[in-house]
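**Q** Just so you know, the protein sequences line up as chains A and B, in that order.
Heads up, the first sequence is in the working numbering, so the first residue is 564 and it goes up one at a time.
Heads up, the second sequence is in the working numbering, so the first residue is 564 and it goes up one at a time.
Rather than coming from a laboratory, the hints here were simulated on the basis of the structure.
Everything numeric in this text was worked out from a predicted model, so none of it was measured.
One or more hints might be untrue.
All copies of an identical chain are treated as equivalent in the list; a pair is satisfied when it fits inside any one copy or across any two copies.
Stated by the list, open to error - Computed list of lysine-lysine pairs in DSSO-like fashion (alpha-carbon distance at most 30 Å, straight line): (1) K587 <-> K620; (2) K664 <-> K639; (3) K772 <-> K664; (4) K587 <-> K752; (5) K705 <-> K772; (6) K705 <-> K639; (7) K705 <-> K587; (8) K752 <-> K664; (9) K639 <-> K752; (10) K752 <-> K620.
Protein chains: 2
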Amino acid sequence: MLVFIGLGYSLRHLTREAIDWLGKADVIYIDTYTSLYEDSLENLRNLNPRAVFVMAKRRELEGEAIGRVVEEARHKTVAIAVPGDPFIATTHDALLSEAIKQGVEFRVIHGVSILNMAYSRVGLQSYRFGKMVTLVYPTHFKPLSTIETIYDNLSRGLHTLVLLDLRIEESLAMSIPEAVQILVELDYKGGLGEQLSIGLARLGWRDEKICAGRLIDLAGYSYPPPPHSLIVTSRLDPVEKEIFEYWRRQC
Amino acid sequence: MLVFIGLGYSLRHLTREAIDWLGKADVIYIDTYTSLYEDSLENLRNLNPRAVFVMAKRRELEGEAIGRVVEEARHKTVAIAVPGDPFIATTHDALLSEAIKQGVEFRVIHGVSILNMAYSRVGLQSYRFGKMVTLVYPTHFKPLSTIETIYDNLSRGLHTLVLLDLRIEESLAMSIPEAVQILVELDYKGGLGEQLSIGLARLGWRDEKICAGRLIDLAGYSYPPPPHSLIVTSRLDPVEKEIFEYWRRQC
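Here chain A stands alone, though its shape is the one from the complex (with noise of 0.2 Å):
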């Protein structure tokens, strides 16, 4: 059985569900690339030592290691442990995808993720977000999706989810002065630097910071170091504009 756990963003994120099948596993691949982990993702090994365990690279669970991972859960129990919640990113549908072609059982054991984090840790209503975003490094082409889909968010009311570049094996994690640096350039229409914006550092662990501002001003604040998000708000209700000025009131 191929089982996906979502492992959160801590040891503490980790549910008692999570605890046991990581304890029932006989290989244990750790997905140590697509996002940052608060506590060292080696504690993990001390909830089963006798298990085969794979601080797992990208060539370790992509491409041509799908068909391998895939045929040894056919007679064991492997694990898939993701920080956050193992499918809000896309990185591993393709081995739950030859999971399914080739027959071979699999179960997701849900986690706490950014998503759910951002969308309810600040005070904004979870259903006025329209579709979220994953905002780049323009290295080889300008994002322009990107603010496409801010626009198309604000015209219809609604708040949108910026997640930043995090690129683990190439050590590159995009900052919120990066980003709003970005976003102020990709900015063809103008006025984005003015639109209340909140920036969510290191959320849900020990150190996270939250700030709320103009989209221009949260560059001029400091931060801990990266993972970091944004939140593009569009027009505040009473109850989240209240909540809105406690966060610009930390920063």
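Since the structure of chain A is provided, determine the placement of chain B on it from the hints.
**A** Coordinates of chain B only, in the frame set by chain A:
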């Protein structure tokens, strides 16, 4: 301190952090009215036998009660324990807002939520979801905004998560077949019944059932009792399509 704690939907979903804070609280209010829980919420008493434990109805956490609960949290650790993640439903925003106004310290401890699970459990891509909606019973008015949101999301190639009306204190919980009937009746443009959709019954529970098919087909399957929800999908990409067909075969 006021500590909002997400419980997930079963005792298996409790995080270490949630267990910790439930153990430290002086008073624990269990929200029994916004969502259904797989296990008996009474079991939570075992995590902290010395705490004052309130199986709270709506009137104990809303309206006039808010000031009293926040005042109690000024000198005690008061936990508001909520199925799912604390603020995905907007039910407890007023408590948070009052705590901020009164200068009473607060924390949010995240749990697994329906949003999380629906976006990551069924193999659709989370960044392809538009605004989510709740479909309510058309008792006083036709919930036309729900259908408008689905149309709007479809026109942008986005999936819609449709949460279904749950009024626990009135013993009302909308089922997938009821929802399909209401949506098809509201569908003034026509053709919504043909849209590929996914029915989610008791997602994350031991007896969960996930069915895929045309919206109209979903009314014909049998499900365990609510909570239920629905996803109306837009155009599916190849990987989404493959996993969709897997769920179709489960029904």
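**Q** Each hint should be assessed against the structure and marked as holding or not.
**A** Now for the hints, and whether the structure bears them out:
1. K587 <-> K620: within (23 Å within a copy, 39 Å between copies)
2. K664 <-> K639: within (18 Å within a copy, 54 Å between copies)
3. K772 <-> K664: between (43 Å within a copy, 20 Å between copies)
4. K587 <-> K752: Neither, since 54 Å and 51 Å both go past 30 Å.
5. K705 <-> K772: Answer is within; shortest intra-copy Cα gap is 29 Å, inter-copy 42 Å.
6. K705 <-> K639: neither (45 Å within a copy, 52 Å between copies)
7. K705 <-> K587: neither (46 Å within a copy, 50 Å between copies)
8. K752 <-> K664: Answer is neither; intra-copy 46 Å and inter-copy 37 Å both fail.
9. K639 <-> K752: Result: close neither inside a copy nor across copies, 55 Å intra and 50 Å inter.
10. K752 <-> K620: neither (41 Å within a copy, 49 Å between copies)
The structure does not agree with the numbered hints 4, 6, 7, 8, 9, 10 stated previously, though it agrees with the rest.
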